[in-house]
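Visitor: Chain B is fixed; fit chain U onto it per the hints.
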Amino acid sequence: MTPLVAQLQIQDRGSGSEQSCVANDGFCPGWIVDNFDRYLHPLWQHVYLSVVAVACGFVIAFALAVLAHRRRWLVGPIVGVTGVLYTLPSIAVFFLLQPITGRGALTAVIALTAYTLLILFRNIVAGFDNVPSDAVDAARGMGFTDRQVLWRVELPLAVPEIVAGLRIAATTTVGLATLAFFAGAGGLGGEIFAQITFKSNVVVAGLLCLALAIALDVLLLLGQRLLTPWRRAGIAEAVTR
Amino acid sequence: MSQFGDAIDFILHTREARSGGAEVGGAELLPMLWTHLELTGVSIAIATLVAVPLALWLGHVGRGELLATSLANVGRAVPSLALIAFFVAYLGVGFTNVTLALVLLAIPPILTNTYVGVRQADRDAVDAARGMGMTGVQIVRRVELPLALPLIFGGVRTSVVNVIATATIAPLAGVVTLGDPIIAGGVYGEDGRLGAAILVALLAVAAEAVFALAQRAVVPRGIRLTQSPHRRHRTMRRTILALLALLVLGVVASGCGSDDDGSTGTAAASTAAPATQEQAASDVIQSNPDNASTKVVVGSKNFTEQKILGEIYAQALAAAGYTVDTELNLGDEKTALKALEDGQIDAYPEYTGTALLSFFDVPTDELPKDPAAAFEQVKADFEKDGIVALPPTPFTSSNEVAVTRETADRLGLAKISDLEDHAGDLVLYGTPECRQRLDCLLGLEQVYGLTFKKFVPVDPALRHEVLESGDADVSIVFTTDPQIERNDEVLLEDDKGMFPPYNSTLLVKQSLLDQAGPDFQATVELVNRGLTDEALQELNARVDLDKQTPEEVATAYLRESGFIE
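Protein chains in written order, with the working numbering: chain B, 1 to 241; chain U, 242 to 806.
Source of the hints: derived by calculation from the structure; they are not laboratory data.
Note that the coordinates shown come from a computational prediction; the quantities given were computed from them, not determined experimentally.
Positions of the beta carbon are idealized from the N, C-alpha and C atoms, including for glycine.
Honestly, I wouldn't trust all of these hints.
A short list of chain B residues far from chain U (calculated; beta carbon distances all over 12 Å) [as the list claims (entries may be wrong)]:
1) Asp-34
2) Val-66
3) Leu-67
4) Gln-98
5) Pro-132
6) Ala-138
7) Gln-148
8) Val-149
9) Gly-206
10) Leu-219
11) Arg-225
12) Leu-227
13) Trp-230
Facing chain U, from chain B, some residues (calculated, C-beta under 8 Å) [stated by the list, open to error]:
14) Gln-9
15) Arg-70
16) Leu-74
17) Pro-89
18) Ala-92
19) Val-174
20) Thr-178
21) Phe-198
Stretch-level coverage of chain B by chain U, calculated; a stretch enters the list once three of its residues show a Cβ under 8 Å from a Cβ in chain U [claimed, not checked]:
22) 22 to 32
23) 189 to 196
24) 199 to 205
Here chain B stands alone, though its shape is the one from the complex (with noise of 0.2 Å):
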């Protein structure tokens, strides 16, 4: 066999401090520099589950709540069933769903939106409940129909609870997608899988997931505050009174 005409380099890994930090899987915040750009794509689909099945999980949430709003009776039974799968473990779910969805990002989506549905169910629900009877009331002698009630007096008057459910939702749902990747889904936890006793790692993406949580976290409160500005007069009157 003829040899090759180049060669695989050989380092030598005997000397030099940043190395040798990274080489005994330590904290190394020149390295985590030079590789942050490896956390980008993974935060991208971290971001990616998290908002889609936050998303996913209003839509249904909503629906139901609208539902149960009418029907009263249903708002037992409904908490009964998300309850439950409230309580299974998401990496138990991740599995459970591979027979039936194979591995991927719908997989993940699945599981993550089963997990949103009784926070936000919740909140919707007392959302609704919290409106006052006058409003509705009002609206009513006005000559409102059931869905102009429904849109233009009492969803913009839950606002704050539903709100709030959705930060909850968001910050669970960063937290638990850590585990997608068990479902082929990809995500930081992924990255710290990858590398599980490397400091640095475990650091940058254990911190991505929570700035992230973080971060939509202060976005929705945000949009709440864009969404309410009555709220805003409110409390400025207040506080002058």
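Guide: Quick look at chain U alone, frame taken from chain B:
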């Protein structure tokens, strides 16, 4: 749906592990269930003992509201996997460390609920108690605590469910809970994985139900009397709903799905087609447009060397013009072979020794000592299954029995048989599949007659860390591991010839090879030539020590060796 039937069969009946050698399933699940419950019980007990008194005091004096309420929010945002990983990275593996992590996870809900429970205790009742001349301690014990009990139990219940769920990933930190069949799917098979997932789910639902009942039982009688009577029916309704829930899972599966189809696919081996320059006397892989119609999925097992090899073959084949995808990190050898047989992947690198022992059950005394003979035997055996074993690499990477320098000096160990007098006092760590492999625990027991004090299955990524942290006295490592030199580990000589040669051979489906044409094998043989012992140690070091990704390291290998430009 028959998969669920097989999974339930796994729960109910003990069976042989996928390659034989060990019993799994059925009654063998009981120790795991016990560890799972023990871990949960201890963590919850400690968390309750810490959180309840603290929150009672904070609530009684009315301080620390911000702490008590924000702790719950922060606690929710901290991913359990990150918490466990943090403890593994900083403190090492083992029951104590996992318990600590779980205690941290369990404290926030208990603390917050207790605090809120005390603050919400009827102020009139507290004032009345004070008026009756009760002391502070009496008020806490006889008024505030009983009134807060339902909420305290609610907090404990939340924590119990969380901890049961998180204890499922404890095997990553060397604690064998019910999560082991889920995480080490290769040993237990898909049935085991699904069976354990069902068990964990049932365990969580059962715990939730028990605590819901307990919560109801501790409501003070005075409060219960003021509640509406028809609440009692809800318990039964909930139990029925629990059973319904499994059905609902399937409905939800088809419900939300359509919104997010075609999302993030598997990341392909992103190698741009190389420029096809005219170049004489070089090893540069030439791209052949005819190959583009052949789609190849390259797989690998779940440790560094395998991922690097998988990437090298994937990128080299892409350079030759093939349409390549990767499915790295499949699991152990059984999982990888099954993926190949099922058509999930088209090729993956396997070691000749592993194939002889794990796939073809060659007895130790009949193992070939010569690498070429070992390869010929493997090749002939695979041919019967429609799988081609391509010519092997120059390097060999055996399993090795490793101890720390300190242990070797203390016990005077140089050969594996030196362990004979000491094994009863030593803890052995290895991968989960080690239990059923003749070149691992099974061989140490049968060939060397060793009985270790304990065997702990652990993720292959931790094989050196467990030695360094002192958790393991003996660990199974690989010849080409750079950590051996870094940590000054001692490899014990295989004096009874338990390990055959372990050269790597790319296993390819015959049907794919026929379709792919001659470039496939030529490319693989070309890149194999640079894969010497030294090269593999260097490549492993770039990933394990320098923390480059297998993808980067594979590209660097192909470029530095002049296979791509």
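Visitor: Hint by hint, say whether it matches the structure.
Guide: Status of each hint after checking the structure:
1. For B/Asp-34, the non-interface assignment is contradicted: its Cβ lies about 10 Å from the closest Cβ of chain U, within the 12 Å cut-off.
2. Separation of B/Val-66 from chain U is adequate, the least Cβ-Cβ distance of about 16 Å exceeding the 12 Å criterion.
3. The claim that B/Leu-67 lies off the interface holds: its Cβ sits roughly 14 Å from the closest Cβ of chain U, which is beyond the 12 Å cut-off.
4. A cut-off of 12 Å between C-beta atoms contradicts the statement that B/Gln-98 is not in contact with chain U; the least separation is 8 Å.
5. Listed as a non-interface residue, B/Pro-132 keeps its Cβ farther than 12 Å from every Cβ of chain U; the least gap is roughly 23 Å.
6. No beta-carbon of chain U is positioned within 12 Å of the beta-carbon of B/Ala-138; the least distance is around 31 Å.
7. Chain U leaves B/Gln-148 outside its interface by the beta-carbon criterion, the shortest separation being 28 Å against a cut-off of 12 Å.
8. Listed as outside the interface, B/Val-149 is consistent with that label: its C-beta sits roughly 28 Å from the nearest C-beta of chain U, beyond the 12 Å cut-off.
9. In this structure B/Gly-206 is not separated from chain U by more than 12 Å, as the shortest Cβ-Cβ distance comes to only about 3 Å.
10. The beta carbon of B/Leu-219 sits about 14 Å from the closest Cβ of chain U, which is more than 12 Å, so the claim that it is off the interface holds.
11. No Cβ of chain U approaches the Cβ of B/Arg-225 within 12 Å, the least distance being about 18 Å, so the stated non-interface status holds.
12. With 12 Å as the threshold on Cβ separation, the claim that B/Leu-227 sits away from chain U holds: the shortest Cβ distance comes to roughly 21 Å.
13. Residue placement check: B/Trp-230 keeps its beta carbon more than 12 Å from all beta carbons of chain U (closest about 26 Å).
14. Given the 8 Å rule on beta carbons, the hint for B/Gln-9 holds: about 5 Å separates it from the nearest Cβ of chain U.
15. Hint status for B/Arg-70 relative to chain U: violated, with the closest Cβ pair at about 21 Å, above 8 Å.
16. Look at B/Leu-74: its Cβ only gets to about 12 Å from chain U, farther than 8 Å, so that hint breaks.
17. A hinted interface residue such as B/Pro-89 counts as satisfied when its beta carbon comes closer than 8 Å to some beta carbon of chain U; here the least separation is about 3 Å, so the hint holds.
18. Here the hint on B/Ala-92 is kept, as its CB sits about 4 Å from the closest CB of chain U, short of 8 Å.
19. At its closest, the beta carbon of B/Val-174 sits 7 Å from a beta carbon of chain U; the interface hint therefore holds under the 8 Å criterion.
20. Satisfaction of the interface hint for B/Thr-178 is found here, the shortest Cβ-Cβ separation to chain U being roughly 4 Å, below the 8 Å cut-off.
21. The criterion of a C-beta within 8 Å of any C-beta in chain U is met by B/Phe-198, whose closest approach is roughly 6 Å, and the hint holds.
22. With a threshold of 8 Å between beta carbons, the proposed coverage of the region 22 to 32 of chain B by chain U holds, since 5 of its residues qualify and at least three are required.
23. Evaluation of the coverage hint for the region 189 to 196 of chain B: fulfilled, as 5 residues show C-beta separations to chain U shorter than 8 Å, against a requirement of three.
24. Residues of the region 199 to 205 of chain B with a Cβ under 8 Å from some Cβ of chain U number 6, which satisfies the need for three, so the listed coverage holds.
Taken one by one, the earlier hints fail for this structure at numbers 1, 4, 9, 15, 16, listed in ascending order.
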